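Colleague: Construct the entire structure; sequences and hints are all you get.
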Amino acid sequence: MMLDRLPKISVVVPTRNRPKELAELLQTILHQDYPPLEVIIVDDSPKYSAKSVAGLYSQNFKSVGCNLKYISGSVAGLPAARNLGVQIAKGDVILFLDDDTLLPDKNVLKIMAEFLGKNINVLGVQPLIISQTDSITRNRLTNKLENAIYKALMLTYHRDNTLAIRRSGASIYPNGLSKITKAQRLSGCCCYRREIFKQFKFDTNLKRWGFMEDLDFSYRVYKKFPKSLCVIPYAKIVHSHTAEGRLATKMTIYMSTIYWFYIFFKDIFERSILNLVAFIWALMGNLIASTGGLILKRKP
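First residue of the sequence shown? That's 5 in my numbering, and the numbers climb one at a time after it.
Derived by calculation from the structure, the hints in this document are not laboratory data. Keep in mind that a hint or two might mislead.
Derived lysine-lysine pairs resembling DSBU-like cross-links, with alpha carbons at most 30 Å apart [what the hints assert, rightly or not]:
(1) K202 with K228
(2) K228 with K12
(3) K94 with K12
(4) K205 with K51
(5) K227 with K211
(6) K227 with K94
(7) K228 with K205
(8) K240 with K122
The following label-pair restraints were derived from C-beta to C-beta distances [said to hold, decoys possible]:
(9) M288 with A27: 41 to 51 Å
(10) F229 with V79: 25 to 35 Å
(11) V281 with D37: 42 to 52 Å
(12) V68 with I284: 48 to 58 Å
(13) G69 with N279: 45 to 55 Å
(14) L291 with K12: 44 to 54 Å
(15) K211 with F273: 20 to 30 Å
(16) I284 with I184: 28 to 38 Å
(17) M288 with K110: 38 to 48 Å
(18) H35 with K12: 10 to 20 Å
(19) N279 with V68: 47 to 57 Å
(20) P237 with N125: 13 to 23 Å
Predicted, not measured: the structure shown is a model, and the values here were computed from it. Glycine residues also receive a C-beta, built at the ideal position from the N, C-alpha and C atoms.
Modeller: Below you can see the structure in the form of structure tokens.
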């Protein structure tokens, strides 16, 4: 497909106290062989402003035909920052990127634009997200055992070519991705067609880093438009999970549990006994996993 016929992409990057990581991300966006129409930085930083980073790269983006926009956020949290970026965006497709991600290949944006251009019934698409922690070598037997425990406890676990929601509200993430896969949910680094935001917004009741805000938004889209979400293996994003800007461990566990309750009864609960039992079992499993220290490695 000719580049001028591809959907125009607006990239929205909410950021909070990570100027170094943001600069590294912008550098990888600059090198894309299909530049976005615009990059919108929504800055929620109370400590380290990203305005100087935006100013530093403004001319570089202009030279490739991309408008770099800096917006000061309301510090109301990630969902509010995403909504603000959507209001400003002018592209056909809106791609959300975390500020501690990188585009390792030059064709990431082109692949996603081509995919959406050819698949008109797809409303949202996610690239393969590679965590930098995945590069740490761990015993395969330990990984399999841990995965089996999480599966039995109705918590998040991994399975090949799967991105789905469990009865408990936990997720199934792809352990390996070898083909285009229909999804019930998408992660935070993904893109949606612009028109979807006429019907859906990110839930601003989820404050700060908005735990499970990506599940909440994408699962609502999925329930109204089944088979409209996909994850593709040949476009890749690297996520470093930088510690700066995140909450302390105790607060993280507290917020994640509260938000899990909220999302479950808002989106997942189907008023069935099995549904409720799965959720309660998962809460107990989460406590067991926390005691064992495993909860620090995964999220529901």
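Colleague: All hints are to be evaluated individually against the structure, with a verdict given for each.
Modeller: These are the hints, each one checked on the structure:
1. K202 with K228: holds, 13 Å
2. K228 with K12: holds, 25 Å
3. K94 with K12: Given pair K94, K12 holds - Cα atoms ~8 Å apart, limit 30 Å.
4. K205 with K51: Within the cut-off at roughly 27 Å; holds.
5. K227 with K211: holds, 24 Å
6. K227 with K94: holds, 26 Å
7. K228 with K205: Since the Cα atoms of K228 and K205 sit roughly 14 Å apart, the hinted pair holds (cutoff 30 Å).
8. K240 with K122: It holds: about 19 Å lies between the C-alpha atoms, which stays within 30 Å.
9. M288 with A27: 41 to 51 Å: holds, 43 Å
10. F229 with V79: 25 to 35 Å: With a Cβ separation near 32 Å, F229 and V79 satisfy 25 to 35 Å, so the hint holds.
11. V281 with D37: 42 to 52 Å: Holds, at about 50 Å.
12. V68 with I284: 48 to 58 Å: holds, 52 Å
13. G69 with N279: 45 to 55 Å: holds, 50 Å
14. L291 with K12: 44 to 54 Å: holds, 47 Å
15. K211 with F273: 20 to 30 Å: Holds, since K211 and F273 (Cβ atoms, about 22 Å apart) stay within the stated range.
16. I284 with I184: 28 to 38 Å: holds, 35 Å
17. M288 with K110: 38 to 48 Å: holds, 47 Å
18. H35 with K12: 10 to 20 Å: holds, 19 Å
19. N279 with V68: 47 to 57 Å: holds, 49 Å
20. P237 with N125: 13 to 23 Å: Taking Cβ atoms as reference, P237 and N125 lie about 20 Å apart, which means the hint holds.
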